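Sequences listed follow chains A and B, in order. Note that the numbering used here gives residue 51 to position 51 of the first sequence, counting from 1, and the numbers run on in steps of one. Note that the numbering used here gives residue 67 to position 67 of the second sequence, counting from 1, and the numbers run on in steps of one.
Incorrect hints may have been included.
Computed from the model, here is a short list of chain A residues facing chain B with C-beta under 7 Å [said to hold, decoys possible]:
no. : residue
1   : ALA13
2   : ALA16
3   : LEU20
4   : ALA24
5   : GLY25
6   : LEU33
7   : ARG39
8   : VAL40
9   : ALA43
10  : TYR44
11  : LEU47
12  : PHE48
13  : PHE81
14  : PRO90
15  : GLY93
16  : LEU122
Straight-line alpha carbon distances no greater than 27 Å define the calculated DSSO-like cross-link-like pairs of lysine-lysine that follow [as the list claims (entries may be wrong)]:
no. : chain 1 : residue 1 : chain 2 : residue 2
17  : B       : LYS70     : B       : LYS111
18  : B       : LYS111    : A       : LYS94
19  : A       : LYS186    : A       : LYS110
20  : B       : LYS70     : A       : LYS163
Hint data in this document are derived by calculation from the structure and do not stem from the laboratory. Just so we're clear, the structure is a prediction, and the values are computed from it rather than from any experiment. Built from N, CA and C at the ideal position, the CB exists for glycine as well.
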Amino acid sequence: MSSPLRPPSREEAEAAVRTLIRWAGDDPDREGLVETPRRVAHAYEQLFEGYRQDAAHILARVFEEAGCYDDLVLVRDIPFFSHCEHHMVPFFGKAHIGYYSSSGIVGLSKLAHVVDMFSHRLQTQETMSAEIVQAIEANLKPRGIALMIEAQHLCMSMRGVRKVGALTVTTQFTGVFRDDPGEQAKFLTMLSRRQEG
Amino acid sequence: MDSTVKTLPIRPLQADNDITHPRRPSREEAEAAVRTLIRWAGDDPTREGLVETPRRVVKAYEQLFEGYGKDPSHALARVFEEAGGYDDLVLVRDIPFFSHCEHHMVPFFGKAHIGYYSSSGVVGLSKLARTVDVFSRRLQTQETMSAEIVQAIETNLKPRGVALMIEAEHMCMSMRGVQKAGASTVTTQFTGVFRDDPAEQTKFLALLRRPMAV
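All chains, please: the whole structure from these sequences, using the hints.
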């Protein structure tokens with residue numbers, strides 16, 4: 001048996017997909033499935049590209065000039081797709097990130113990139129929430145970070161308890177958000193505002 | 001309850017249930033395949049959060065793909081001939097389903113709507129939902145699934161017409177490739193009076209547009 005950490009070859013990955021098609025109960029040689037192992041192995045490279053990315057790289061560029069802007073920066077409704085590490089089934093939803101800068105600000109798209117990076121792995125929503133906040137904390141060193149993630153887990157809706165529409169909500173607060181309940185209330189209030197435009 | 005219950009003879013398994021598949025792998029082989037894919041994704045199958053994942057995935061497959069072991073004519077076998085003279089459209093709307101696209105093995109999900117005009121009898125309404133489950137819990141395309149559901153109802157119930165609409169979101173589209181979240185794929189199938197009379201199609205579609213009453 002090879003080491004668990006040696007990445008398998010593409011052929012081994014495709015053979016594994018064929019095995020799972022047979023385990024599901026179908027015939028991997030029928031027309032609609034014959035190319036499926038190739039497609040699945042290829043899709044994995046995109047769905048799990050977060051393993052090959054580095055948050056420090058994404059958040060490296062900090063702009064120190066922000067015209068003295070010193071209030072909350074909030075990026076709301078960042079859509080994401082991830083896979084639950086317990087069932088390898090998708091969970092998806094929206095992430096909301098707020099922060100008070102200290103030494104500088106980052107490009108807003110960089111926050112969405114960080115969400116993408118951690119969501120494109122096998123995850124739990126709790127770990128993903130903590131990792132996003134830690135990455136922003138380490139690289140941007142802001143006065144505080146607030147994060148909320150709202151997600152639907154298909155492992156709950158399509159199997160097991162089969163609860164469709166149940167939403168899992170996680171939050172993380174650091175710095176001024178952790179210390180001041182008023183700041184948490186402000187963040188949450190701004191999330192409940194109706195979407196403009 | 002005094003309805004006469006007519007049990008149609010159970011048909012022999014249809015071709016799609018009857019394929020002689022290559023040997024089914026053992027549970028251990030299936031779990032080893034999941035471990036290979038975890039490594040292919042780039043993670044370590046021996047870390048705490050993943051160590052039990054192969055066992056869970058393989059077990060989840062038995063539920064997610066339970067449709068292969070099921071025969072739709074079994075679900076639709078019980079036909080009630082007495083329906084108090086009811087002769088208009090029977091419509092079951094908004095039947096939720098989850099399936100997996102056979103091209104990427106990624107979920108697609110949404111709602112199925114089935115209407116029919118009975119000829120010799122009616123089926124229990126839940127049996128239509130059961131039929132949707134039998135075909136959605138397989139590796140599918142939305143087109144094939146639509147055709148198979150209609151064929152199963154057609155064969156077992158022999159109604160004057162069947163109308164089907166399926167609306168679904170395909171995660172292979174929303175989470176990879178084109179990344180179009182929220183795009184909805186719609187398929188329809190019409191047989192009998194629905195196929196022959198555009199007004200019947202319009203009636204079916206109009207009834208689907210009504211807001212939910214309950």
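For the hint on TYR44(A), does the least C-beta distance to chain B fall short of 7 Å?
Holds, because the Cβ-Cβ distance from TYR44(A) to chain B comes to roughly 5 Å (cut-off 7 Å).
Would you settle whether the hint for LEU33(A) is holds or violated, based on the nearest Cβ-Cβ distance to chain B being less than 7 Å?
6 Å, holds
Restraint: ALA13(A) near chain B, CB-CB cut 7 Å. Satisfied or not?
Because about 4 Å separates ALA13(A) from the closest Cβ in chain B, which is inside the 7 Å limit, the hint holds.
Quick check on PHE48(A) please, does its C-beta sit within 7 Å of some C-beta on chain B?
4 Å, holds
Let me know if the C-beta of ALA43(A) comes in closer than 7 Å to any C-beta of chain B, holds or violated.
Interface hint status for ALA43(A): holds (5 Å vs cutoff 7 Å).
Let me know if the C-beta of LEU20(A) comes in closer than 7 Å to any C-beta of chain B, holds or violated.
OK, holds: LEU20(A) within 7 Å of chain B, min 5 Å.
Minimum Cβ distance from ALA24(A) to chain B below 7 Å?
Nearest chain B Cβ about 4 Å off; hint holds.
Are the Cα positions of LYS111(B) and LYS94(A) separated by 27 Å at most?
23 Å, holds
Verify the interface restraint on GLY93(A): the C-beta must sit less than 7 Å from at least one C-beta of chain B.
At 11 Å from the nearest chain B Cβ, GLY93(A) fails the 7 Å test, so the hint is violated.
Using 7 Å as the Cβ threshold, decide whether LEU47(A) counts as touching chain B.
6 Å, holds
Between the alpha carbons of LYS70(B) and LYS163(A), is the straight-line distance 27 Å or under?
23 Å, holds
Quick check on LEU122(A) please, does its C-beta sit within 7 Å of some C-beta on chain B?
5 Å, holds
Consistency note: the structure conflicts with earlier hint 15 alone.
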